[in-house]
Amino acid sequence: MTAATPTTPPGPDPLTPVLTRRWLSPRSWSIDTYEQLEGYEALRYALGKDPDRIIQLVKDSGLRGRGGAGFPTGMKWGFIPQGSTGPGAKPKYLVINADEGEPGTCKDIPTMMADPHSLVEGCIITSYAIRANFCAIYVRGEALHCIRRVRHAVEEAYAKGYLGKDILGSGFDLDIVVHAGAGAYICGEETALLDSLEGRRGQPRLKPPFPATAGLYASPTVVNNVETIASVPAIVSGGSDWFRAMGSEKSPGPKIYSVSGHVERPGQYEAPLGITLRQLLELAGGMKDGVPLKFWTPGGSSTPIFTAEHLDVPLDFEGAAAAGSMLGTTAVQVFNETVSVPWAVMKWTQFYKHESCGKCTPCREGTYWLELILERMVRGQGTEGDIETLLDVCDNILGRAFCALGDGATSPITSAIQYFRQEFLDLIAAQPAVAHPDQLAELSGATA
Amino acid sequence: MTLPGGNPEMNAPSAAAPDEVVWEPVVDDPAVVAPVFDELTRQRTKEIISRYPQPRSALLPLLHLVQSVEGFVSQDGIRYCAEALELTTAEVSAVATFYTMYKRTPCGQHLVSVCTNTLCATLGGDDIYGRLKEKLGVGHEETAGEPGTVGSITLEHAECLAACDLAPVLQVNYEFFDNQTVESAEALVDALQAGEKPNPTRGAPLTDFRTVEMELAGVFPDLARSVEGPSVADETLRGARLAADRGWRAPSMPDSPPDLPALPEKK
Ligand SMILES: Cc1cc2nc3c(=O)[nH]c(=O)nc-3n(C[C@H](O)[C@H](O)[C@H](O)COP(=O)(O)O)c2cc1C
Ligand code: SF4
Ligand code: FES
Numbered sequence: 001m002t003a004a005t006p007t008t009p010p011g012p013d014p015l016t017p018v019l020t021r022r023w024l025s026p027r028s029w030s031i032d033t034y035e036q037l038e039g040y041e042a043l044r045y046a047l048g049k050d051p052d053r054i055i056q057l058v059k060d061s062g063l064r065g066r067g068g069a070g071f072p073t074g075m076k077w078g079f080i081p082q083g084s085t086g087p088g089a090k091p092k093y094l095v096i097n098a099d100e101g102e103p104g105t106c107k108d109i110p111t112m113m114a115d116p117h118s119l120v121e122g123c124i125i126t127s128y129a130i131r132a133n134f135c136a137i138y139v140r141g142e143a144l145h146c147i148r149r150v151r152h153a154v155e156e157a158y159a160k161g162y163l164g165k166d167i168l169g170s171g172f173d174l175d176i177v178v179h180a181g182a183g184a185y186i187c188g189e190e191t192a193l194l195d196s197l198e199g200r201r202g203q204p205r206l207k208p209p210f211p212a213t214a215g216l217y218a219s220p221t222v223v224n225n226v227e228t229i230a231s232v233p234a235i236v237s238g239g240s241d242w243f244r245a246m247g248s249e250k251s252p253g254p255k256i257y258s259v260s261g262h263v264e265r266p267g268q269y270e271a272p273l274g275i276t277l278r279q280l281l282e283l284a285g286g287m288k289d290g291v292p293l294k295f296w297t298p299g300g301s302s303t304p305i306f307t308a309e310h311l312d313v314p315l316d317f318e319g320a321a322a323a324g325s326m327l328g329t330t331a332v333q334v335f336n337e338t339v340s341v342p343w344a345v346m347k348w349t350q351f352y353k354h355e356s357c358g359k360c361t362p363c364r365e366g367t368y369w370l371e372l373i374l375e376r377m378v379r380g381q382g383t384e385g386d387i388e389t390l391l392d393v394c395d396n397i398l399g400r401a402f403c404a405l406g407d408g409a410t411s412p413i414t415s416a417i418q419y420f421r422q423e424f425l426d427l428i429a430a431q432p433a434v435a436h437p438d439q440l441a442e443l444s445g446a447t448a
Numbered sequence: 449m450t451l452p453g454g455n456p457e458m459n460a461p462s463a464a465a466p467d468e469v470v471w472e473p474v475v476d477d478p479a480v481v482a483p484v485f486d487e488l489t490r491q492r493t494k495e496i497i498s499r500y501p502q503p504r505s506a507l508l509p510l511l512h513l514v515q516s517v518e519g520f521v522s523q524d525g526i527r528y529c530a531e532a533l534e535l536t537t538a539e540v541s542a543v544a545t546f547y548t549m550y551k552r553t554p555c556g557q558h559l560v561s562v563c564t565n566t567l568c569a570t571l572g573g574d575d576i577y578g579r580l581k582e583k584l585g586v587g588h589e590e591t592a593g594e595p596g597t598v599g600s601i602t603l604e605h606a607e608c609l610a611a612c613d614l615a616p617v618l619q620v621n622y623e624f625f626d627n628q629t630v631e632s633a634e635a636l637v638d639a640l641q642a643g644e645k646p647n648p649t650r651g652a653p654l655t656d657f658r659t660v661e662m663e664l665a666g667v668f669p670d671l672a673r674s675v676e677g678p679s680v681a682d683e684t685l686r687g688a689r690l691a692a693d694r695g696w697r698a699p700s701m702p703d704s705p706p707d708l709p710a711l712p713e714k715k
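Protein chains in written order, with our numbering: chain A, 1 to 448; chain B, 449 to 715.
Derived by calculation from the structure, the hints in this document are not laboratory data. Please read these numbers as outputs of a predicted model, since none were measured by experiment. Careful, some of the hints might be misleading.
[Unchecked claim] Partner residues aside, some chain B positions facing chain A, computed with beta carbon under 10 angstroms:
#, residue
1, L508
2, L636
3, R650
4, A652
5, L685
6, A691
7, R694
8, L708
All C-beta atoms in this analysis are idealised placements derived from N, C-alpha and C, irrespective of residue type, glycine included.
Let the hints inform the model, and build the full structure from the sequences given.
As structure tokens, this is what we get:
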């Protein structure tokens, strides 16, 4: 591959700020700034139009869910039963998944803090399209300042007549409530989120029925991610062809890539879907202090890790999957060669063990044993059989767990063993010799 | 609806788990909630419930509200929520114990949460947590100092706080302190113990654990002011700045929104 320099190739620019385009403006989170920068114009255009045609627009745009699974958004909205009789007669709800907690993921919270009105406007247009009169924004509890910003934006929108009764004289009513979670990663799973929003323990529900038919209060419900819905006003303003001018046929549009870890300039980079890690590293100033890359996640800890072999994998839904991982949340966590793979995998496994909701046996018991085995290994007391035991336990979780958390827990382990089996073997052979965290002490700014 | 015979716990003294603070009933009739939940709290409770299509959805906010009054969720607080929502105390307990942010023992004036997930840990988060543990002489979810008094601190290690581009991070009362080092974290804790309130990197000026719990319940004492707290770091804006410097843009939009597509013919 010829080294791609960030000079303009044909097609869109290397970075295409759409969601991030207002972030540099003073008080970008206020309604004054938002309105000066075309805010709420898409809403004015959409209100009064045939809601089905808005759903069609989103289908045509090819927008896919930004919460991890990449489900086509317009299709999801189209599943909501409509009509004045039967299931269509029930109240319909829009629920925004702002529970951002997948390790590595840090895009929704900056979006809601810097530009909460894009989310609010997206919520109003979406609710109008699916004919919902109540929308809840479920924000992770630890994201307090973000909750303030979104709540303030909602209050500003009410004051301007964008929310409440008879919005802008259209006859459409909508209330939005900003709801704080209470610290549970599993509540990001959409059905667990609904249970939590109903005031219960956040544990996943059996699907089907899907939320589109029996969601919040057993009524038809759309659950979408923050970034998904914040994209909607731009799609209304720009149209589907404009949106499709970025990204690929099956993965169109811009996407916020959150680059973290051992790079010179970590941060949020909004690029067309399909950018590669090589290009992202160039934008982010390369590896920190020139120490070579060892492994990275394309989209959070639940997506199988990649290595330096994968620098040129296009980071869109198809590209990441074809290379054996998943696009996930485009949370690109970069680790250099000083980091012990078994140690990193142990840390992630401790996370899954802590966050397992306990509803199903494979995940509840499996993560417990995985954690114990990995901890023992990292302590320098691993045995030769441990690698096979880990793979065996993962095999008993993957595809057998009740929700995707269990599957996600196996990703770091199986992918790490796939690419770094020798490191696990060396660790076991060299017991009791694991030197973490001392081996990293010199790299943590602490001792620099 | 009121259950005819009340619920089982109504007639029994509250059972406290061994390491929980035992609640001394302050009124003879345990069905009447202790006056710690004053008239103002009751009004707020009604207001919170009224926001939702169904009352039970208010349970998570109400548990936050209880923490703002008590500094943790006591048996008393559980009973208060149960009565407000016509649930059993068992139902409320089941929920309160599920979520990490509801604390079962009284918290300090401040809650310090250090991210020790993989990425932060790699860049020093484990060292920060280890040092603070040593310094404060407490472990996970334990409090240094008399809970509630000025300078008392509850310490915890946290999972990924969705700020990995700013790693390693910690939070004080859920306000962000980004790009920390062992030294900066120690200095921060020293200041908190001395009764000072250093400004977070991102978030509103520090208050205390109980005040932010009220905000999490959806009751904002001064939203117009707190919302002004900074929210963007250099890292947040890096992509946007780079694009601006290089003149990179998304393709330009048409001057006015294009017509919405026609619907496909049905059958
Ligand atoms: C364990 C787990 C955690 C999840 N966490 C989140 C989350 O924090 N935010 C999110 O938007 N989606 C999360 N999801 C995905 C949601 O279940 C759901 O697919 C998504 O909210 C749908 O929105 P989208 O189509 O707009 O992406 C999670 C899924 C699982 C299994
Ligand atoms: S896979 Fe894990 S998180 Fe999901 S339902 Fe089972 S126990 Fe709960
Ligand atoms: S790992 Fe610490 S904020 Fe994500």
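Evaluated hints:
no.: 1; hint: L508; result: 5 angstroms, holds
no.: 2; hint: L636; result: 14 angstroms, violated
no.: 3; hint: R650; result: 6 angstroms, holds
no.: 4; hint: A652; result: 6 angstroms, holds
no.: 5; hint: L685; result: 6 angstroms, holds
no.: 6; hint: A691; result: 4 angstroms, holds
no.: 7; hint: R694; result: 8 angstroms, holds
no.: 8; hint: L708; result: 4 angstroms, holds
When each numbered hint is compared with the structure, a violation occurs for hint 2 only.
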